[in-house]
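Produce the complete structure using the sequences and hints provided.
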Amino acid sequence: MLKINFKNFLFFLIVVLFLFGLHFFPFFNSWEEKIISWVSYPVHKTYSRVSSWQEEREKRKQEESCRQEKEELIKEKNELLAENSKLRFLKKENEKLRKYLDFFENKQNKHILARVISQGFLVNPEEETPYIIINKGSEDGVEEGLLAVNSEGIAVGKISKVRGNTSQVLVITHHNSQLAATVQNENETSGIVEGDLGLTMKMKFIPQTEEINKGDLITTSGLEKNISPGSILGRVISVGKSSDQMWQEAVIEPLINFRDLSLVAVLAPTK
Amino acid sequence: MYIKIPLHILAIILIFGLQLSLLNPWQGWLGSLNLGLVFLIFVLELNGLAWGLGWGLSLGFLFDIFYFQPFGVFLFSFLLVVLLSHFLLIKFFTNRSLYSYLVLILAATVFFNFFLRFLIYFLDFYSLDKDFFLILDKFWISLAQSLAVNALAVFVSFYVFNFLSNRFDAVFLKK
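Protein chains in written order, with the working numbering: chain E, 7 to 277; chain V, 7 to 181.
These aren't lab readings, by the way, just hints derived from the structure by calculation. Ideal Cβ placement from N, Cα and C applies to all residues, glycine included. Certain hints may be false.
[Unchecked claim] Below, computed lysine-lysine pairings styled on DSSO-like, alpha-carbon distance capped at 30 Å:
#, chain 1, residue 1, chain 2, residue 2
1, E, Lys-40, V, Lys-10
2, E, Lys-208, V, Lys-10
3, E, Lys-231, E, Lys-65
[To be verified] If we take Cβ atoms under 8 Å as the criterion, some of the chain V residues that face chain E in the derived model are:
#, residue
4, Leu-28
5, Phe-72
6, Phe-74
7, Gly-78
8, Leu-90
Quick look at the structure:
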C-alpha cells in the first residue's frame with residue numbers, strides 16, 4: 007500500500023521553494039559561490055589526474071599513427087625548408103618596413119589564467135565536450151563573449167555564461183558557437199565559423215571565387231567585439247565546392263583535444 | 007539520526023565531487039556511470055523516502071549551482087526520480103532484493119535522462135542538442151550505456167555492501 011506522509015512531503019516542498027527563493031537573492035548567491043569554491047580545488051586536482059591518464063592513453067594510441075605520419079612529414083619538411091628560407095627573407099623585409107612606417111603597434115593581450123574544474127555533462131558522455139567550466143568569473147574580470155585559449159594560443163571556446171568565480175566556456179565545436187574568422191590564404195578570406203555536431207567546424211557562405219585549400223589555417227579575424235585577431239581555430243580538412251552552387255563550404259578540424267585541457271587563458275579585450 | 011546527517015552530507019559532497027572530476031571527463035562507458043543516482047536509489051531502499059528526498063534535494067542543488075543550466079533542472083529531475091522510484095518500490099516490489107534494486111536503478115536511469123534532457127531542451131538556449139533529443143541516435147546510445155553501467159555498479163555495490171556489513175541481511179535478500 008502506497009503511503010504518503012503529507013507532513014514530510016509538505017516539508018520537502020517548502021525546502022524546495024525556499025531554495026528557489028534564496029537562489030535569486032544576491033546574498034545567497036555569494037554562499038553558492040563559496041560552496042563551489044570549496045569543492046572546486048579537490049575537483050580540479052582529481053580532474054587533472056584523470057586528464058593526464060587520458061592523455062597517456064591517447065598518446066599510446068597516437069604513437070602508431072605517428073609512425074605512418076612520420077614518413078609523410080619528412081617529405082613535407084623538405085618542402086617547408088625551402089619555403090622557410092623564402093619566408094625568412096620576407097620577414098626581414100617586413101621588419102624593415104614596420105620600423106619605417108610604424109605600421110603596427112604591438113599590443114600584448116592581457117589574459118586571465120584559469121583552471122578547468124570540470125567538463126563533459128552528466129547525461130551525454132558519448133558526445134564531444136560541449137562545455138568547459140573554469141574557476142575564474144566576473145570577480146576576476148571574465149566577461150561573456152571573451153575568447154579562451156590553450157597554452158599555445160589555440161582557441162578553446164567563447165565564454166558563454168559567467169558567475170562570480172566560475173564561468174562556462176562554450177567550445178568552438180559546439181553547434182551554438184559562432185566566431186568571425188579568416189582563412190590564412192592569399193586573399194585572407196573572411197567568414198563565420200560555426201560549430202558542427204560537436205566534432206568539427208564549418209565555414210559557410212564562402213564565394214566560389216575564393217581559393218581555399220585543404221590544410222589552410224583558420225584564425226579569428228578580430229572583427230568581433232572583444233576578440234582579437236590571430237588565435238588559431240583549426241585547419242581546413244575538406245572544401246565543398248560545386249559549380250552549380252553559389253557558395254562553397256569548408257570543414258575545419260580543431261587542433262586541440264578538449265579532454266586534455268587543465269588550464270586555459272581567457273583573453274581580455276585590448277583597450 | 008542526527009549523527010547520520012553529517013555523514014550523509016559528507017557522502018553526498020564526495021559523490022558529487024567524484025562525479026564531476028573522475029567520471030564526467032571520461033568518454034564512453036565509465037563516463038556513463040551516474041554515481042549519484044546509484045547511491046540515491048540505494049539510500050531510498052535502505053533508509054526510506056525521507057532520506058531519499060534529502061539526497062535528491064542535496065544532489066540536485068549541488069549540480070544546479072555548479073552547472074550553468076537554469077536553476078532547478080537537476081533538483082526537479084532528482085526529486086521526480088525519487089518519487090517515481092519510491093512509487094515503484096512500494097507498489098510493485100514485495101521485497102528489497104538485488105533484483106528490485108536492479109529494476110529500480112534501470113527505471114531511475116530512464117526517468118532521470120528523460121526528465122533532465124526534457125527540461126534542458128525547453129528551458130536552456132544553450133541546450134546540449136539542436137534537435138529534439140528523442141530523435142538523436144546518440145541519446146539512445148548514451149542511455150543504453152548508462153543503463154548497462156549503472157546496473158553493473160548496482161550489482162557490484164550490492165555484494166560489496168553485503169560483504170562488508172550484515173546489518174541489512176534481513177532487508178536485502180540475496181536471491
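Quick rundown of the hints versus the structure:
no.	hint	result
1	Lys-40(E) to Lys-10(V)	24 Å, holds
2	Lys-208(E) to Lys-10(V)	54 Å, violated
3	Lys-231(E) to Lys-65(E)	37 Å, violated
4	Leu-28	6 Å, holds
5	Phe-72	6 Å, holds
6	Phe-74	4 Å, holds
7	Gly-78	6 Å, holds
8	Leu-90	12 Å, violated
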